[in-house]
Amino acid sequence: MEVSKKTSPNPTELIDWLNDEGVLELDWDFPEGGDLAGAGLDSMAVMQLVVAVEDRWHIELGPEDLTKANLATPITLAALIAGKTS
Amino acid sequence: MKPPRGLFDLAVIGGGSAGIAAAVTAARTGARTLLIDRHGFTGGMGTASLVHTFCGLYLLRTEPGAVIANPGFASEIAGLMIHATGVGPLRMGRVDVLPQHPVDFVRIADELIAAEPSLELRLHSEVSGVSRKDEHWEIQLCGRAGIDRVDARKLIDSSGDAVVAGLLGGGSVMSESPRLQRPAYVFGVHSAASMSEESRLHTAGLIVEGIRGGHIPADALGISFRASGRAGEIFGSIDLAGSDGVSIFNPLDTACLTDLEVRGRRIATQVLRWLCARSESWQDAYISHWPVRAGIRESRRWIGEYTLTGTDVLAGKRFDDEIALATWPMEFREDAKGPKLRYPKGNRPTGIPVRCLRPLGIHDLWVAGRCISADHEAQASIRVMGTCFATGEAAGRAAVG
Numbered sequence: 001m002e003v004s005k006k007t008s009p010n011p012t013e014l015i016d017w018l019n020d021e022g023v024l025e026l027d028w029d030f031p032e033g034g035d036l037a038g039a040g041l042d043s044m045a046v047m048q049l050v051v052a053v054e055d056r057w058h059i060e061l062g063p064e065d066l067t068k069a070n071l072a073t074p075i076t077l078a079a080l081i082a083g084k085t086s
Numbered sequence: 087m088k089p090p091r092g093l094f095d096l097a098v099i100g101g102g103s104a105g106i107a108a109a110v111t112a113a114r115t116g117a118r119t120l121l122i123d124r125h126g127f128t129g130g131m132g133t134a135s136l137v138h139t140f141c142g143l144y145l146l147r148t149e150p151g152a153v154i155a156n157p158g159f160a161s162e163i164a165g166l167m168i169h170a171t172g173v174g175p176l177r178m179g180r181v182d183v184l185p186q187h188p189v190d191f192v193r194i195a196d197e198l199i200a201a202e203p204s205l206e207l208r209l210h211s212e213v214s215g216v217s218r219k220d221e222h223w224e225i226q227l228c229g230r231a232g233i234d235r236v237d238a239r240k241l242i243d244s245s246g247d248a249v250v251a252g253l254l255g256g257g258s259v260m261s262e263s264p265r266l267q268r269p270a271y272v273f274g275v276h277s278a279a280s281m282s283e284e285s286r287l288h289t290a291g292l293i294v295e296g297i298r299g300g301h302i303p304a305d306a307l308g309i310s311f312r313a314s315g316r317a318g319e320i321f322g323s324i325d326l327a328g329s330d331g332v333s334i335f336n337p338l339d340t341a342c343l344t345d346l347e348v349r350g351r352r353i354a355t356q357v358l359r360w361l362c363a364r365s366e367s368w369q370d371a372y373i374s375h376w377p378v379r380a381g382i383r384e385s386r387r388w389i390g391e392y393t394l395t396g397t398d399v400l401a402g403k404r405f406d407d408e409i410a411l412a413t414w415p416m417e418f419r420e421d422a423k424g425p426k427l428r429y430p431k432g433n434r435p436t437g438i439p440v441r442c443l444r445p446l447g448i449h450d451l452w453v454a455g456r457c458i459s460a461d462h463e464a465q466a467s468i469r470v471m472g473t474c475f476a477t478g479e480a481a482g483r484a485a486v487g
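Protein chains in written order, with the numbering used here: chain G, 1 to 86; chain H, 87 to 487.
What the hints contain is simulated information worked out from the structure, not anything from laboratory work.
All the given hints hold, so there is nothing to weed out.
Computed spacing ranges between beta-carbons, pair by pair:
1. H:276 / G:27: 35 to 45 Å
2. G:37 / H:366: 17 to 27 Å
3. H:449 / G:56: 52 to 62 Å
4. H:193 / G:12: 46 to 56 Å
5. G:29 / H:276: 40 to 50 Å
6. H:149 / G:37: 15 to 25 Å
7. G:13 / H:397: 29 to 39 Å
Below 25 Å or equal to it, Euclidean Cα-Cα: the simulated SDA-like pairs (lysine to any residue) are:
8. H:426 / G:11
9. H:426 / H:261
10. H:423 / G:54
11. H:423 / G:57
12. G:68 / H:176
13. H:426 / G:51
14. H:426 / G:32
15. G:68 / H:425
16. H:426 / H:154
17. H:426 / H:259
18. H:423 / G:42
19. H:431 / G:29
20. H:219 / H:204
Using N, Cα and C, we set each Cβ at its ideal position, and we do this for glycine too.
Given only the sequences and the hints, what does the whole structure look like? Please build it.
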């Protein structure tokens with residue numbers, strides 16, 4: 001599927017992308033509202049995430065964006081990215 | 087102090103987690119044992135390199151609660167550490183770990199060693215030669231006074247680098263960089279912000295911002311900070327590779343190690359400087375201690391009567407002659423993308439056969455710790471301190487049994 005660089009991901013696409021990038025290893029049936037911290041999104045993985053998001057969507061996530069609430073689930077993370085790309 | 091004389095029943099080369107376990111276990115049977123280490127204290131990675139977590143102590147399980155995998159010395163050390171720190175096992179993701187403090191570890195090891203009348207400790211000594219003389223081993227120890235010689239009937243190589251294989255001229259193998267697991271550079275920090283999850287995430291954002299702006303080197307990506315359990319103190323950890331950041335690293339090459347140590351300190355200094363300038367919660371923080379040496383995850387390994395494989399670990403294979411259980415998932419630190427964990431089917435533990443502690447074709451020699459006979463993948467599981475206690479204990483028992 002060809003996706004424009006500007007198009008923000010939906011939560012399911014985001015799950016696939018996190019796996020493809022090697023940021024996290026999520027089960028194929030990982031829920032859109034699943035707990036990302038519990039799945040290994042710790043401060044080290046977050047650094048990889050920020051770099052990969054910047055590569056893919058050309059947006060910069062700063063310290064103020066990296067809150068537990070924003071990184072809680074694929075849904076909230078997709079919303080964070082969407083907010084920056086719009 | 088007089089140099090040790092006469093024939094020892096056993097000499098243990100390297101006083102890390104495996105060597106302490108081996109020497110104390112052997113000495114408890116009454117065997118006259120010599121434990122040799124190059125530093126001013128024992129503990130190896132857990133003290134000199136500030137690795138502050140005992141991994142591999144507990145079974146993998148989905149149910150809550152940590153269950154010890156290997157009774158005996160590993161369990162004993164865990165109990166002593168919990169008593170010292172007041173902190174029990176923690177569930178981190180899918181694994182249970184025991185936070186440990188290097189300062190407590192040094193003291194606990196001193197006390198365990200001092201309690202054994204038939205155990206002699208020799209610090210500040212590098213082994214510079216090993217040879218077979220009649221029915222025993224002659225070991226050359228190098229200290230500031232020169233070369234000293236000691237004799238022992240049996241030998242355990244718990245050096246982490248298969249030092250005895252190097253001195254005997256073979257019987258070992260080493261993965262090549264960049265596949266070799268990256269070393270960890272761990273340092274102490276005082277007066278930093280609280281290490282709540284929220285502040286850790288914020289700090290991660292500051293690090294990326296610092297790299298983006300060219301204030302700190304890209305090598306700092308993946309740095310992590312964790313509370314030490316002592317008031318105001320945290321540990322920082324950075325995974326490092328060779329000087330070009332990608333390829334050549336040889337943990338046996340002192341020039342490589344020199345580069346690693348200096349770079350670790352430089353990056354840590356730059357990171358702290360950046361965080362102090364950029365964040366109120368970091369403004370009073372300072373680096374309070376350096377490791378004696380960088381933490382090596384993988385080095386030269388012995389080739390034994392059996393080589394434990396990654397396939398064995400993934401399947402949770404068991405053996406009739408197993409002497410310990412490996413429970414840590416295979417933890418790969420091969421590239422800058424952070425740790426990758428491979429879990430065994432059904433969280434099964436893997437048996438470590440005694441044959442992994444028996445170098446092929448050499449009598450009266452055992453190996454324990456991270457340099458036992460395992461392939462690159464299995465070594466990514468068995469290298470952790472909790473498992474090293476268990477292989478050390480088994481080697482100590484087998485050597486004098």
